[in-house]
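K.L.:
Take a look at the letters that make up each chain.
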Amino acid sequence: MKKLNLSKDQIQKLAVSTIGFVILLYVYFSFFLGPLNASRNSMTASIKELQAKLGSSKNEMAKATNLENQAREATTRYAALTNLSPEGAPIAWFPPRMKIFFSNQQIDKTTARLDSNVPYKEADLSGWTRYNWMLDLPQTDFATLGIAVAELENTEPLLSIHHLNIHAQADNPQFQQVTLNVATAILKR
Amino acid sequence: MALHLNLLHEEFQEQRLRQRDPLKIGMMVLGGLGALMFLYYMWNAYQTLGIRNRLNAVQNDWSKVEPKVTSAQKRSAELNSIISTTKVLDGMIDGRFYWAPFLEKLSRCVAMNAQITSVDGTVLDDNRGVNVMIEGLAAGREPRAAAEELRQLLLEQLGQSYHDVKVEFKTLEDLDTLVRIGGANMAMARFSVSASFSQTATKPATPAGRAPKK
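Top to bottom, those sequences are chains A and B.
Quick note, the first sequence lines up with residues 26 to 214 if you use our numbering.
Quick note, the second sequence lines up with residues 2 to 215 if you use our numbering.
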């Protein structure tokens, strides 16, 4: 093999050319091709992300439409249940409502007193409050009371009687004095 | 063999040296590489431009769809909340104890010679168990038997609709006073009956350490 005989000047020029080549490569990859590729990669990633979002959004909207159809019954029922809680403080409307209800059932002089109100433990009922009331029915007969209680349990689905006390009146045993402890679920307004 | 004399060897050598100048060759190589790199860069830039256009189109599509998706997601969350709340409320409604059927059964158990003076009933916290204390008077030739008849009838009536029914006397005592029923004087007894039952059947406990029969 023929040996290259390079002069000092030539070696210097060769070194300068090599340095120039390295600088060219560095500048090219660091300031031109590198940022271009980086932006291209980020744009490709954004496109993929957006396309995935677009794909899932179609599913999401289809699901929402299906859910809307499936939940029609639940929403109607929920609306009916929320309509049982009128606007305003329950202490303002519940006692008159009970008074009217029992007077329609031929039981007069009903009084309703608020015992307590507590939030529900269930997370799904965070918008609702449990109100405990005491209903005093000073004079009624057993049959009328039975009919009234049946009507109350049927027309007030969110009301439950958790304690009932019936006492015959000492002077008039055919009439009874009744105390009902009831709990109602009332929507927070 | 002819003899060749190179009288211009110095000029030739200079020319050869000029041609072999490493800087010149290096510059030419660098220029060539630079041109190739520039072309490659332009090709990449063109592709990137295409990708940017695609990104713009997709972003445009997404900006059109996004409000609809957001509202659909909100509505879905709202509907799910409504469904779960309605389910819990329905569970509460179905799980409550209805007193009217109980009062009806109680009224069926009271014969002509018995009178109930007090009923005190409580639904336990879990809405399953119910305790009722019934006080009253029974009259007859054998007033205790009349009271026992009421207890048994109550046990039978409650057993038709409820589970784990227990009806027990708490007190049963004869009274000195007489009452007139159908023109005849009858003795009286005061009774106090405790009734307890549950709305739903409790699962029988399996004894520990015993394998089920195959």
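Simulated from the structure, these hints should not be mistaken for lab results.
A portion of the hints provided could be inaccurate.
Pair by pair, the computed Cβ-Cβ distance ranges are [to be verified]: (1) A/A117 <-> B/E79: 58 to 66 angstroms; (2) B/D165 <-> A/T101: 50 to 58 angstroms; (3) B/S85 <-> A/T90: 29 to 37 angstroms.
Partial list, computed: chain B residues near chain A (C-beta under 8 angstroms) [as the list claims (entries may be wrong)]: (4) P23; (5) W44; (6) V66; (7) I83; (8) S85; (9) V89; (10) R97; (11) W100; (12) S108; (13) G122; (14) T123; (15) D127; (16) V166; (17) F170; (18) T172; (19) L173.
Note that the Cβ used here is the ideal one computed from N, Cα and C, for glycine as well.
K.L.:
Which numbered hints turn out to be false for this structure?
P.N.:
When the structure is compared with the hints, numbers 1, 2, 3, 5, 15, 16, 17, 18 and 19 turn out to be violated.
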